[in-house]
Each structure stands twice: as structure tokens, then as C-alpha cells.
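K.L.:
Letter by letter, the chains look like this.
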Amino acid sequence: MTAFLLSILIFLPLLAAVLILFLPNRLTSTPKQVAIGVSVINLLICIFLFYSFDKSITGYQFLEEASWINLDLGKLGVININYILGVDGISLPMVLLGGIVFMAAAIASTSITKRPKAYFAFFLLLTSSVYGCFVSLDFFLFFLFFEFMLLPMYFLIGIWGGERREYAAMKFIIYTLVGSVFVLIVMLAMGLSVTNPELTAALGKNAFTFDFRLLADPANYVTGSVLDAASGTEWFGWPVKSVLFVLLLIGFGIKLPVVPFHTWLPDAHVEAPTAISVVLAGILLKVGGYAFLRIGMDFFPQEAMDMASVIAILGVLSIIYGAFNALAQDDLKKLIAYSSVSHMGFVFLGFAAFNEEGINGGIYQMFSHGILSSMLFLIVGVIYDRTHNRLIQNYRGLASKMPLFTGVVIVAFFGSLGLPGISGFIGEFFSLLGAFKTSDFSKWIPALAVLGIVLSAVYLLWTLQRMFFGEFWVNRELDEKMADLNTKEVALLFTLGFLAILFGIYPNLLLSISTGAVDAYLNK
Amino acid sequence: MLEQLSHILSSTSAISAEINLVLGIVLTIILIAFGQKTTAFRTAAWSITFLAFLLAFILVLGQTEPQTIFNGLFLTDHISSLGKELTLVAALAIMLHIRVMKHDLDGEFYVMLLSIVLGLLSIIMANSFISMFVALETVSICSYILVAMNGKTKNLEASIKYLIFGAASTAIMLYGISLFYGAAGTLNFNAEAFQTNVAANQNWVILTALALTLAGPLFKLSAAPFHIWAPDVYEATPTPLVSFLAVAPKIGAIFLINKILISVPVDATLLLSVIILLSILIGNFAAISQKDTKRMMGYSGIAQAGFILIGLLAFQGAGFQASIFYLAVYIFMSAGAFLLLDIISNQTKSYLFESMAGLSQKFIFLALIGLVLMIGLVGLPPTAGFTSKFLVFSSIYEQYASGGQKILLWVLVFGLINTAVSIYYYLKIPYYMFLKKPSELLEYKAIPVAQTLYLAILAFIVLGLFFAPQWVQGWF
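Protein sequences, first through last, are from chains A and B. For the first sequence, position 6 (counting from the first letter as 1) is numbered 6 according to the numbering used here, and the numbering increases by one without interruption. For the second sequence, position 299 (counting from the first letter as 1) is numbered 1299 according to the numbering used here, and the numbering increases by one without interruption.
Just so you know, the hints here were simulated from the structure itself, not pulled from any lab data. Hints are not guaranteed to be accurate.
Here are the simulated lysine-lysine pairs, DSS-like style, with alpha carbons at most 30 Å apart [what the hints assert, rightly or not]:
#: 1; chain 1: B; residue 1: Lys1437; chain 2: A; residue 2: Lys334
#: 2; chain 1: A; residue 1: Lys171; chain 2: B; residue 2: Lys1436
#: 3; chain 1: A; residue 1: Lys171; chain 2: B; residue 2: Lys1291
#: 4; chain 1: B; residue 1: Lys1161; chain 2: B; residue 2: Lys1428
#: 5; chain 1: B; residue 1: Lys1437; chain 2: A; residue 2: Lys117
#: 6; chain 1: B; residue 1: Lys1349; chain 2: A; residue 2: Lys117
#: 7; chain 1: B; residue 1: Lys1436; chain 2: A; residue 2: Lys114
#: 8; chain 1: B; residue 1: Lys1406; chain 2: A; residue 2: Lys205
#: 9; chain 1: B; residue 1: Lys1161; chain 2: A; residue 2: Lys117
#: 10; chain 1: A; residue 1: Lys114; chain 2: B; residue 2: Lys1362
#: 11; chain 1: A; residue 1: Lys117; chain 2: B; residue 2: Lys1436
#: 12; chain 1: B; residue 1: Lys1362; chain 2: A; residue 2: Lys117
#: 13; chain 1: B; residue 1: Lys1161; chain 2: A; residue 2: Lys114
#: 14; chain 1: A; residue 1: Lys114; chain 2: B; residue 2: Lys1428
#: 15; chain 1: B; residue 1: Lys1428; chain 2: A; residue 2: Lys334
#: 16; chain 1: B; residue 1: Lys1428; chain 2: A; residue 2: Lys171
#: 17; chain 1: A; residue 1: Lys114; chain 2: B; residue 2: Lys1437
#: 18; chain 1: A; residue 1: Lys171; chain 2: B; residue 2: Lys1362
#: 19; chain 1: A; residue 1: Lys114; chain 2: B; residue 2: Lys1445
To spell it out: a stretch of chain A is covered by chain B in this simulated footprint if at least three of its residues, at any positions, have a beta carbon under 8 Å from a beta carbon of chain B; those stretches are [unchecked claim]:
#: 20; stretch: 148-158
#: 21; stretch: 184-192
#: 22; stretch: 315-329
Treat the numbers as computed from the prediction; the structure is a model and nothing was measured. Glycine included, each C-beta is placed from N, C-alpha and C at the ideal position.
Given the sequences, and given the hints that come with them, work out the whole structure.
P.N.:
In C-alpha cells, the structure reads:
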């Protein structure tokens, strides 16, 4: 029964996308129903995985393995590419987050009226590839999903986006494609330097592998290959492994995104429709963080430790630069986009600490930011749906007209600025704790990051005060449109708010899952 | 004397496919000479040509035994028959393109097509500079005629450009061959005497001779610096013929370059790397600014030639196989892309990017297939375009890792970054089809099922070879 659950997560949306394409055009609401149905099933699978996950096992669970491509290179050896899926305590939180975010996004997408067939087909393709990224355990397979993510996203921004959608979509795809080229270089170098020892012995020649579990073990490096420390090979004057690590740092850093590779994100967010912003901030950015942890730091732990201060500085730079940018925005959506950059900085900071607190904190921060940023973008969507205007100065005193809405906004804003009791606090707290505890870099770095928290309090509270408190006033005679939340919005925002508080009060729900895996990860 | 005769006779049996093509040429010419200029006769000419290609393909399939024929002029082995199969597949793909698009071409076009393929098959099994030269010139001269045949000013202009650059590169090649002949005393580049005598010279002499000799095949490959003809020819020539000229000569050229590289005892890594880097750079950056899709395909073809050549940097290892795989996939991607452009231009009467605006709203399947083909050309998964790029890049990576030169690493990094650049112009086609608003003025016709079906088959192959590369790998 549990044997093919992970495959279902990937292939159900894929099949549904194909099915939607073949639907006749007159069935305008069927694509919507199919997408919601698939999201519900996937969410249920994610919850099931979450509950039946065995916390005492630190390795991968729900494994699926099948042989896929075997390329014979003649005397050089064989390239083995396998279809391997599995989750552990690091990827499971991301899979669960995927379930939640896609569910929320599917519901938020119901208001799409322009070419619904194509929209939901792309949406489901995106779903499929994001799940694929989190559960694949073969570098080639991972890369397949990692690249494939770009296309549906490109069209979702490019067709259903705002005014400058074409520019934003092109910028998005070129930035992220450059990132994945860097990852591809690493994949080539790793895949052709690491062998599967059993298969090599059986075949009598090198059996190159892309299996994550084998790639992480230096014992499997081919003697004399560029990765082999004894070979002493240098690329552009640097040891090969450091070069590869830097490539991954940039490649996944673009995706995360970390300053200075972040400039595509505000554009993409501002132009994307609400539901796609939710997906982008809620889960797509997490692919970068997850992959950096799973691939970058797992394969190159020594390099990660050597460059800990660089990673941490990048993280802090994102935190502070993102926060200052957010302070300067007039557009609510842009403000939230920059706050995303700022909050994702904590992920890098936590990872850089390379200790239990830090990495757990990073993972928690990704999960919590997934939920909170989904809420924030939905909140922007609520305002935008009513008035088609997102400028902060056009609104004042919304609290008096929209009490329910204001309640959710307060939860989301306070969660984001790190109020204890809401999930954001746990992630930031543990990341900072780890960063203060480590001896890999100076204490000044986390100290500066704390300044970022203060800044985030400034821009969020200031916005809250400007838009929601005081006397009710809305520019351009839009005031009669400012009705409070409808049922759909209440269901969405309250559920997410509940989750944010739940994971804020009872963090063990998630920490108990990630701790074991992180432990094993650190003590390898 | 008798010995000679029996050698010629046994040699003749090894070129049955080529003889079959010659018969096809003769039959078609007779048909043109005595037939009328009507659709029925044109269809007959098409059928004869198609059958000739098909029969040649079947005849080629059997040849695997290495055999030197015609006193060492030609060599047939399983590599050459692989090359011939690829060439004939490309030819068949183009014949189907002509059929499904109902292009009513004159019989003369088919004669030229058959002659070009004949020349290409001869290039692939050439074993001596003489036979190589004659075969290359057969292909070149027929190509000039093919481009000029429509008779409009722009065709003539393109053809003259083609001719001038072709003649120049031939002259350069001849100079290189004469250097080799002077050094080796034999024209047969597979002979032992060739290797030992050439190796006795200084490196820079051999390298110069090699560089000059490569001018011929590089011109056919449309690689830099012999690429200048490509965009004009692509723009002016009827689409199915461009589709043919974009792929088939590349196959012959790659097989030929591989042969020369194996024979000439010199390290050509630097030379090839420069050619590759130039091709990719010029092709990519010129393609970015194009407004006409066919010109874009022309420039991008130059870049693709560079990518295919990358495999030959590692010809001692698995590189040549990677190049062959790339070529095999490229046949389908390129044929599909040109078919797509042809179908679209049937609707819009134009090859400009702007004219395809919003086509996805009317023809969603066409647009999706176009998307598959374009991401294949970029080299994104899940298409075989990715597998082929993956293979050529891993082959030079292997070459580098097993003690190759630094320059290989530069080619690798530079090539990969350029794939990211290429997404900009390839994606322009889906970009216009999906993202732009359709123009109001245009009346859309229905697209015949045969066209969509054929296009879908090509796209399916491009997808299928990603999931099951052994379909092509099994040939090796």
C-alpha cells in the first residue's frame, strides 16, 4: 500500500495535467475541480507520510528504486541512472509543506477565469516537478525536476501575470537557468567521479552513479578523479571540490534567493497572480534551501565548513538588505517579496552554523516561512482582488471595516516578525542560536542578523499601522468595495493562521522528525 | 587484370545502396524529360525518390563487415553504415515533410536531393582525399543548385553567397590536402604510410595542414569561421529543403572530421576548441537579435554545430558516440522545428516571430509540441536534447578528467553557460505563441491531421529518446 506513495505524489498531477489538456473547451470548471481534487489527494498522502514516518530510522523511508538508464561508455565504464525516491527527516517537512501550499494555491486559483484549462495544466505540472525535487534521491532525476520546474512557472507568470509579466517571466527563467547550469556542471563532475562499489566489482569496470546516498560518501570517489583529494587537481587555481561547492552555492543561492542573486524575485512576485506568488514564496524557494542542504553541504561538508563565514555573511546580507528594501516599498506586494528575501536569509545563516540547532532552525524557518509567506501573499491578494491597487498609502484604518481580515493580518505580520508563539519565532530563534554557538564564524554575524529582526518589526508594524489602524479611509472612492473576507478567504487564511500558531506553540511536531535526520547528517 | 576486375565487382556489391540511389536519379530524370509538368508527375517523382531512400536504408542496414573497396578509395564498416542510416533517416524525414505539407516541388528538386544524399553517403565512407573531395563537391554543387532553383532574386543572392564561400573553403581545403600529400606521399589517409610519414613532420606543419583541410567539412557543418552563408541560405530556401540542408550535411561532416582526426597524428584539441567556442558564441549571440524565425534557426544551427563538435574533442573516448547521439536527436528536433515553422507560415504567410502571436489560443497542441521541440533544442529535460548535451559534455569532462588539457574545462563551462543563453531565442517561439495576444485580422484555417500527427511523432521521438536512449544507443 505504501509502496508507491511517492510516485503517486509525482505522477498523479502529471496525469491530471495531461487529462485536463484533453478536456473539451466547454467544461470550464472541470480543470479547477481536477486540480483541487489532485491537491486534496496529495495533501492526504503527505499527511499520511507524516504520520506513518518512523522517527527511529534516520535513513530514507518509503524508498522506491528502479533501474532507468544504463549508458555504456565502452572501456571507460557504465553510467547508471536510477529512479530512486525516498524521504527522510529533512525532506519530509518540505513534502508536507508542499501539500499545504499547493492545496492553498489550488483554492486561491479558483478565481482564475482566463484560459483555465491551460492554467491548471501548468499548475499541475509545477506541482509534479516540485514534489519530484523533494523526493528524488538520484542527482539526475533531481535535476530533471529542478529544470522542469522553470517551464510551467514561466508560463504561469508570463500568461496570467500583471502588467510587466513578460519581462518578469523572461528574467525569472534566465536567472534560474543560469543557476541550474552551475548545478549541471557539478552533476557532471560528481556523476563521473563517483562509482557504485558493488556494481563496479560485479562489472569489472567503473559503474558511475548519481545516487545521493553514494555521492555523499568520499569512499566511492574514483581514485585519481578530480574529486579525489590525492589527485590534487585544481580548477582555475582552486581545489576542485571548493569550486564545485561555490557553483552549488550560486546555483541554489539564485533559487533561494540570496542577495546578490535575488533581483528576479521581486519582479516575479509583483507580476505573478496571487496563487502563483503563494507557490513561489511558499514552496519553490524552499527547493533552493533544501537542495543546498541535501546536495551542497552533504556532498562537500569540509568545504561548507571552510566557507561557513561566506555563507553566513550571504545570509545576513539577505536579511538586512531585504529588510531595508522592504522598508522603502510603497507596493504592499513588493514589500512582502523583499521580506521573503530577508526571511530566507535566516535559512542560510542557520545552515552555515553547521550544528544541530542551526540546521534544524534552517529547516524550521523554511517550513514556517512557507506557511507565513503563503498567508502574506494571500493577504495581498485579498486587497488586490477588491480594488486592483496595492499601494500602501491608498488605505487607512481597514480594521474598522474588515475586522476578520485584520485579525489574520496581525497573525501573519506578527508571525513574520518573530513573535513567540507563532512558527516564525522558532525558526529564527534556532537559526540564531546555532549561529551564536558555532565557532566557524564571528559572533558579529548573528549579532547583525538580530538587527534584521528589529528591522522586520519596523516595516511590518509600520505597514500595519498605516494600513489598518486609524480612521477608515480609502483612496479613489473604492471604499464601498472594501468588504470583509468571504468564505473562501476565511477558510484559507484561518487554516494557515491556525497552522502557523500550531507549529509555533508545538514545534516538536516538526522538530521531532527533523532532529533524527540532522543528527545522522552531522555525525556521518 | 582478373584480380582487379573481381575486386571491382566485389566492391560494387558493397555500394548497393549508392547504386540504388543512382538508379533513382536516372529514373527521376527520365520522368522529368518525358513527363509533363503536372501534379501527378510530381507525385510520381516524389514516390520514386522516397522509395529510393527507403530501399537504400534497407540495403545499408546489413553492412557491418569492415571492407576496403575500390583500391582503398572507400571503406565500409559499421560506423559508416551508421552514418548512412542517419543520413537516410534525415532524408526520409524531409520527404515526409514535403508530403504532409503538400509542397508541389518540381522533379528537379528530387534529383538534387538524391544527388546530395549520394554525395553524403560517399563522404561517410571516404577513405582517401580524392574520394572525399569528389564527394564533398557533389554535395556542394548540388546544394548551390538546390538553393538557386526557385529562381527569385533572394534565392540567387543566397546561392551566390553559398557558392562563393563554398568555393573559397574548397580552395583552402585543397591547399591543406596538398600539404598532406606532400608530407605523406599518399592520399589514402587510412594507410600506415600516411600516419608514419605525416608524423615525421613538425607539429605546427601538421596542424596547419589539418586546419586547412578541415575547411571543407566545417563549411558543410556551418561551423565558424565558415558559417557566413547559413542565415541567408536558410531564409531564402523553401522550408523542407532548408530542413534538409540544416541536418544532412552536418552528419556527413561530423563523420568525416572524426575520420580525419583519427588519421592525422597531431593533437587538435586547441584548434577544435577555438572553432567550437567561436561557433557557439557567434551562433548564439547573432540568433538573439533575429526577427525572422528561419534566420534564427540559421544562426542557432551554427551554435548547434559547435555543440555537436564538442563530442569530437574526445573522439578517442566516448565522444564520437555522444556526437552521433546528438546528431540523431538533432535530426528529429530540427526536422520538427522546421515543420512547425512551415505549418505556422501556412497560417500566417510569414516567418516573423511577431506573426505567431497568440497561436496557442487557436492551436494548443501545435503550441505544446512547439514547446517540446524548442526546449529540446535548448537542451532542457525531459527531452533527448538534454540527454545529447549531457552526453557530449560528459564525454569532454571524461576526457579532461583523464588528463586532458585545461581548455576542455573552458569549453565545458562556456558551452554550458551558452545553453542558458540559447533559451532566450528558442523560447521566443513559445513566448509569442503563448504569451502574446493574437492579431485580430488573421483568418485561421484548420491544420490537416496528417501535419499535426507527423509533428507529434517527431516531438514524441524527442521526448521518448530521453526516457529510453537505448533506442539509438542500441545502434552502436
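K.L.:
Now tell me if each hint is right for this structure.
P.N.:
Each hint, compared with the structure:
For the hint pairing B:Lys1437 with A:Lys334, the CA-to-CA distance comes to about 27 Å; that is within 30 Å, so the pair holds. A threshold of 30 Å between alpha carbons decides the hint, and for A:Lys171 with B:Lys1436 the separation of about 17 Å falls inside it, so the pair holds. For the hint pairing A:Lys171 with B:Lys1291, the CA-to-CA distance comes to about 20 Å; that is within 30 Å, so the pair holds. Simply put, B:Lys1161 and B:Lys1428 have alpha-carbon atoms about 28 Å apart, close enough for the 30 Å limit, and the pair holds.
Only pairs whose Cα atoms come within 30 Å are accepted, and B:Lys1437 paired with A:Lys117 is accepted, the gap being roughly 17 Å. A threshold of 30 Å between alpha carbons decides the hint, and for B:Lys1349 with A:Lys117 the separation of about 29 Å falls inside it, so the pair holds. Taking the CA atoms of B:Lys1436 and A:Lys114, the gap is about 14 Å. The hint holds against a cut of 30 Å. Restraint check for B:Lys1406 and A:Lys205: satisfied, since their Cα atoms lie roughly 26 Å apart, inside the 30 Å limit.
With a CA separation close to 48 Å, the supplied pair B:Lys1161 and A:Lys117 exceeds the 30 Å bound. Restraint check: the Cα-Cα separation between A:Lys114 and B:Lys1362 comes to about 14 Å, which is no more than 30 Å; the hinted pair holds. For the proposed pair A:Lys117 and B:Lys1436, the alpha carbon gap of about 17 Å is at most 30 Å, so the pair holds. Distance restraint check for B:Lys1362 and A:Lys117: the Cα-Cα separation of roughly 13 Å lies within the 30 Å cut-off, and the hinted pair is therefore satisfied.
About 49 Å separates the Cα atoms of B:Lys1161 and A:Lys114, which puts this hinted pair outside 30 Å; it is violated. Between A:Lys114 and B:Lys1428, the direct Cα distance comes to roughly 22 Å. Compliance with the 30 Å bound is thereby established for this hinted pair. Our distance criterion of 30 Å between C-alpha atoms is met by B:Lys1428 and A:Lys334, whose separation comes to about 28 Å. Taking the CA atoms of B:Lys1428 and A:Lys171, the gap is about 13 Å. The hint holds against a cut of 30 Å.
Taken as a hint, the A:Lys114 and B:Lys1437 pair is honoured in the structure, with Cα atoms around 13 Å apart against an allowance of 30 Å. Of the pairs offered as hints, the one joining A:Lys171 and B:Lys1362 holds, with about 27 Å between alpha carbons and a cut-off of 30 Å not exceeded. The hinted pair formed by A:Lys114 and B:Lys1445 meets the criterion: a straight-line CA distance of about 24 Å does not exceed 30 Å. Check on the stretch 148-158 of chain A: 6 of its residues sit with their Cβ under 8 Å from a Cβ of chain B, so the three-residue criterion for coverage holds.
Taking a C-beta to C-beta cut-off of 8 Å, the stretch 184-192 of chain A contributes 6 residues in contact with chain B, enough for the three needed, and the coverage statement holds. Counting residues of the stretch 315-329 of chain A whose CB lies closer than 8 Å to any CB of chain B gives 0, which falls below the minimum of 3, so the coverage claim is violated.
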